[in-house]
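Engineer: Chains as they are written, first to last, in this note's numbering: chain A, 2 to 305; chain B, 2 to 305; chain C, 2 to 305; chain D, 2 to 305; chain E, 2 to 305.
Mixed in with the good hints there might be a few duds.
Since copy identity is lost for identical chains, a pair holds within one copy or between any two.
No more than 27 Å apart at the CA atoms, straight line, and that leaves these computed lysine-lysine pairs for DSS-like [what the hints assert, rightly or not]: (1) 9 with 180; (2) 177 with 23; (3) 23 with 256; (4) 23 with 9; (5) 256 with 9; (6) 23 with 180; (7) 180 with 219; (8) 219 with 9; (9) 219 with 256; (10) 9 with 177; (11) 219 with 23; (12) 256 with 235; (13) 235 with 23; (14) 207 with 180.
Honestly, the hints are just simulated from the structure, not real lab data.
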Amino acid sequence: MSTTNAVKTILSHYEADNPGVKANLHRILMHGRLGGTGKLLILPVDQGFEHGPARSFAPNPPAYDPHYHYHLAIDAGLSAYAAPLGMLEAGADTFAGQIPTILKLNSANSWATSANQAVTGSVSDALRLGCAGVGFTIYPGADDFFAMVEQVRELREEAASVGIATVIWSYPRGGKLPKAGELALDVGAYAAHMAALIGAHIIKVKLPTDHIAQEEAKQAYAGHDWSRQSERVKHVVQACFAGRRIVVFSGGAAKGADAVFQDARDIRDGGGNGSIIGRNTFQRPRDEALAMLERIIRIYQGGE
Amino acid sequence: MSTTNAVKTILSHYEADNPGVKANLHRILMHGRLGGTGKLLILPVDQGFEHGPARSFAPNPPAYDPHYHYHLAIDAGLSAYAAPLGMLEAGADTFAGQIPTILKLNSANSWATSANQAVTGSVSDALRLGCAGVGFTIYPGADDFFAMVEQVRELREEAASVGIATVIWSYPRGGKLPKAGELALDVGAYAAHMAALIGAHIIKVKLPTDHIAQEEAKQAYAGHDWSRQSERVKHVVQACFAGRRIVVFSGGAAKGADAVFQDARDIRDGGGNGSIIGRNTFQRPRDEALAMLERIIRIYQGGE
Amino acid sequence: MSTTNAVKTILSHYEADNPGVKANLHRILMHGRLGGTGKLLILPVDQGFEHGPARSFAPNPPAYDPHYHYHLAIDAGLSAYAAPLGMLEAGADTFAGQIPTILKLNSANSWATSANQAVTGSVSDALRLGCAGVGFTIYPGADDFFAMVEQVRELREEAASVGIATVIWSYPRGGKLPKAGELALDVGAYAAHMAALIGAHIIKVKLPTDHIAQEEAKQAYAGHDWSRQSERVKHVVQACFAGRRIVVFSGGAAKGADAVFQDARDIRDGGGNGSIIGRNTFQRPRDEALAMLERIIRIYQGGE
Amino acid sequence: MSTTNAVKTILSHYEADNPGVKANLHRILMHGRLGGTGKLLILPVDQGFEHGPARSFAPNPPAYDPHYHYHLAIDAGLSAYAAPLGMLEAGADTFAGQIPTILKLNSANSWATSANQAVTGSVSDALRLGCAGVGFTIYPGADDFFAMVEQVRELREEAASVGIATVIWSYPRGGKLPKAGELALDVGAYAAHMAALIGAHIIKVKLPTDHIAQEEAKQAYAGHDWSRQSERVKHVVQACFAGRRIVVFSGGAAKGADAVFQDARDIRDGGGNGSIIGRNTFQRPRDEALAMLERIIRIYQGGE
Amino acid sequence: MSTTNAVKTILSHYEADNPGVKANLHRILMHGRLGGTGKLLILPVDQGFEHGPARSFAPNPPAYDPHYHYHLAIDAGLSAYAAPLGMLEAGADTFAGQIPTILKLNSANSWATSANQAVTGSVSDALRLGCAGVGFTIYPGADDFFAMVEQVRELREEAASVGIATVIWSYPRGGKLPKAGELALDVGAYAAHMAALIGAHIIKVKLPTDHIAQEEAKQAYAGHDWSRQSERVKHVVQACFAGRRIVVFSGGAAKGADAVFQDARDIRDGGGNGSIIGRNTFQRPRDEALAMLERIIRIYQGGE
């Protein structure tokens, strides 16, 4: 397929990036069943790090095998597959070139005693594994936030210099931030904006609620009805340079299929670029997961 | 326009700097409607980092778009435009060469649990984006002040070695410094002096009050009437190597236009080199902002 | 002996590794009396660091001499010998080439006031001593876990780049982890999985009990009988990419020979790749140790 | 003037230093009105950093201008001028070659919340500004003393490798050291000795009192009359490798002229190499300061 | 003298070291009056750093002069002279080649507020000063022990790569270690063993008492009579790879000559390689010190 106008427009927003980074964004945007639409669907499998293998894979034991996830992402026609070093290495040769991959470069775990992550891979790893992108999580609000940002900044600069795109998972957490504020609209938009300021090419945030957590921000949100999820998505997109950056939303914990589909519709209607969806697919039996992904793809294509 | 005597005099004070740094100071001093006067007007847009996107841009929603600020600075005939990485990148190509840019290299945010900042860009970024300068905030008084200074020092040396000028935002904060002292005259002059000692080419401080915060400094300020703002500006200029360094003052939070104009008159009459003015312009409708900037420019040109 | 199918299959799982790393894994897998079987028996002698020389070697004083351990490992036909810098250096020339060696690159000690280790060797040391692998201990759960992971990651990348394999000892400890949880099944499988995600070529964990320590993990383990040790081994193997990584188990403190043999049978029956066995051999008289190792080898060969 | 025997003897003590460092010590020892006598008089202007600009320069406002200090040091015929980066840069070209300069490479300030300093310049800066030496402050006794020493050590090694001499200001402070002990004789001699051990070419300490602060040191000082200041100077000189290192003493806070002259006589009679004198000169009107410096020079030349 | 068998045997134990390191060990082992015997007598003068100049040198004032110690070590026919940077530099040229020197690369002081040391010299310093070895102190048990080990490890690797031998002073201290345990036999043997594991070429420990401090170690020491000092020395030697590493013992605080001689006999009879003896010599008048050293040499030669 030749490059679509939708993709050309998105790429035009990355005006300060070198052709290498743009080529990798192009790879992701033109790949899979949503290729050319300007929408994305990404499979992330870092839950083994975050929650342990059994909580992640026992609901669907074939998923213990790293090859399972490559197969799932390829067969479902997704845009990209994201995972930590070991998971990618275990299939990088078998599936070389079959789907764009994103090497997740930092990770936390269930026992962490601070809101932070360890760097678990390098840009060299991403190059030698043929990845289109690298990914990082930052925790706006955390005591270690400044250090996380500096770490991500250095690796992002190195990645961009060799033509690799950067995806930032921006998850407010820790420090003075109340638990209730982690999903607040103002907090989520702020988290997305900071990821954009740091230089993320693709921004990943959670779908926000209509709660406003910061006292000083209440006035800025007053006089607008935030009860519809699509409106909130629209605001997050606005916070990402008025739509000049790709923003995808996470599916969160495994939940009912209907809720998953409604999220996709709201993301689409609010102008978001797509979903990163992990547990909701790989914790279901493969056939069920493929059917769900097919339905989501159709929603992003404009269907119901 | 050929280089004016006012600019030649200013550049002569940077006697230890290489031609590259002087050329970039020259670019800023000769650009825009104040070009050649020795006065400066800079648009800074780092409030998205500091206060979040909604508090910064909701009052004037077109300002969510990074292109808006480039347009505003260019159309108003300002001397330079300063912003963090993502904001500059999103327009660096479209507006290449149309206005000198300053890459802000560190940033804080509303959730910070310590008085510090994260480095969010590099000198290489400044070079590849064609910036005339890089900018840093330091917090004199903060527990992390020594570390901030060492970070800035290293980056400033690197920047100067490739001909890029350094702007230091010197904002007293944290540690043993009482809140009331942050705007005190003695504290502000000290903060400006330290920025000069570290090697700032352009020093940015807040307009100080007539409060004297340090007990040991009271004697040095005794016997002089500090009630006029222009006298206080004059003292800050004196603290910056008796006028051998460019000093600009910040406009602070959005306020009435009259107060803004009075500040400009006082800065001018005290011998300051100009203003960095952000929220007071981009949070107003564009026409209103352009009119305000036009008036400030006329004040710096010697009008009322 | 030409490469066996068992070894070829194992090596095929390291699909993203370079020929140098594979050649060293091949050296270990094809060496000694278990060479070619896909099973391993490794002698580790780092107890002098961990517990001091007298607690380690007084039960069998000839073991104070570093040459003793080289002799023991070679004469017993083991797969590899692992030790810290000084221990390897003291025999590296005399026994050069006679057995694959693994340089343990970090170490703790009995007086440690935090759950961490010091780096005590380098990849250059491993190269100049002709080692096939390097080894690290990580403490999942420890407050310093992120820092340990980053240290290991860097050295692992450097080692792999020069063709040296990495063995990770993953021992849950410290932080929020209760003492009782250190040997729990869920915790051990999680620790093994993280070692795999970080990029370990060989994973070493302790044999887990049937305790489940994490409340959130209980559901994932419900409905299965974990009372048999071989079932638990099987789960750990599953957690290591469904068997795509070599997993060996430690013998723990010195204990009765029968318990040691039963452990070996369970490891074998659960699909584990072998044992790392230290104190249970070198703290016994040499003849007794050789007889015990011979019996373990026979168990891994399929005997009783 | 050809090199005097006094200077040749001093240089002979720096037997492990390269010709570049010796040439710079030679420059300082042969410069100004004390040139060739083996005595030194140095003007330091780092008080703007330490106490702020107004407390430093308001008593004599022309001193706000960095050129003032170059002029003062040159006109008084001093041996060298020492200041932080910004102060030197602001006159480095105008006065190039007219007086040896020492770039002060670290600095504290009045708001510091720990007994430490920030590095505020580099050896490259010293080279490009044509400095003969670099200077550092260390705080023996401070909690951060080890870190300060390591920082100074690295920069001192770098400086020496390019032929630049190192001056160490050794000021006991912080940690377990009682305020009363900061000027104690045993503490001052210890501080001077540590500077010598670290490799200082010129050691700067404060004139000590006859107090002995360390209980364990009392015996070593017993049986000697320490009431005369010249005796105490002699002991400090002894503590600096029995006179094999140049030792200069600071004038301290501004005080009466007679006290200043008596200090100079005691330093001379005790075998010290001279004074570093800042506030006592630049806070006086220029004529008064020049007269005072003239008198001190005559004292070091052997007069009264 | 041609290399003796005693020295050849010792060198053969350093089988993984390069010829450069062996040549420097050879220099030390073949130098002075004990040259060729396999025994060593080293003069260390780092007490100025550790205790201050007056406590170190006031008992014998000529010792304030760095040349004094070179003379003493050379005239007494010692094996080597060890001191920090400044002390060595002050005589390195005058005495070049006359005695092997060891540059002490880290140092503590009486005011230290943590059990740690500062690095005060570099391997480059050792090379340019013509040193045969570098020395480090580590504090097993200290909270900062891991950091100290990593620092020493890096410098040791760098030193060995350029043919310089490493001496490690292993002094248990700090953390959970009770004061009473610092000289305990189990603790001292453990400290010596860790120095060997880290890669020390020469290990320096204190003569241990017969106290056993670690509860877990008591069993390993049971059933043996540790009342004789020579038996304890023997155990420490055993803990250093069964005699494959050179072990020397410190003389400790100044004490009666008879105690010093008895220590030497016990070290010799227990198989230790000699003494490092500082305050017991340089705090005595030179003639007395020379007589004492002569007697110690005769003891190590087999006399009484």
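Engineer: The structure should be examined with respect to each hint, and the outcome stated for every one.
Structural biologist: Here is how each hint holds up against the structure:
1. 9 with 180: Cα proximity of residue 9 and residue 180: none, with 40 Å in one copy and 51 Å across.
2. 177 with 23: neither (37 Å within a copy, 44 Å between copies)
3. 23 with 256: neither (35 Å within a copy, 42 Å between copies)
4. 23 with 9: within (10 Å within a copy, 40 Å between copies)
5. 256 with 9: neither (35 Å within a copy, 42 Å between copies)
6. 23 with 180: neither (37 Å within a copy, 47 Å between copies)
7. 180 with 219: Result: close both inside a copy and across copies, 18 Å intra and 24 Å inter.
8. 219 with 9: Neither: 37 Å inside a chain and 49 Å across chains, both beyond 27 Å.
9. 219 with 256: Close across copies (19 Å), not inside one copy (31 Å); limit 27 Å.
10. 9 with 177: Classified as neither: same-chain Cα gap 41 Å, cross-chain 50 Å, threshold 27 Å.
11. 219 with 23: This pair counts as neither: shortest intra-copy Cα distance 38 Å, inter-copy 45 Å.
12. 256 with 235: This pair counts as within: shortest intra-copy Cα distance 23 Å, inter-copy 30 Å.
13. 235 with 23: Classified as within: same-chain Cα gap 25 Å, cross-chain 45 Å, threshold 27 Å.
14. 207 with 180: Within one copy only: 14 Å inside a chain, 35 Å across chains, cut-off 27 Å.
When each numbered hint is compared with the structure, violations occur for hints 1, 2, 3, 5, 6, 8, 10 and 11.
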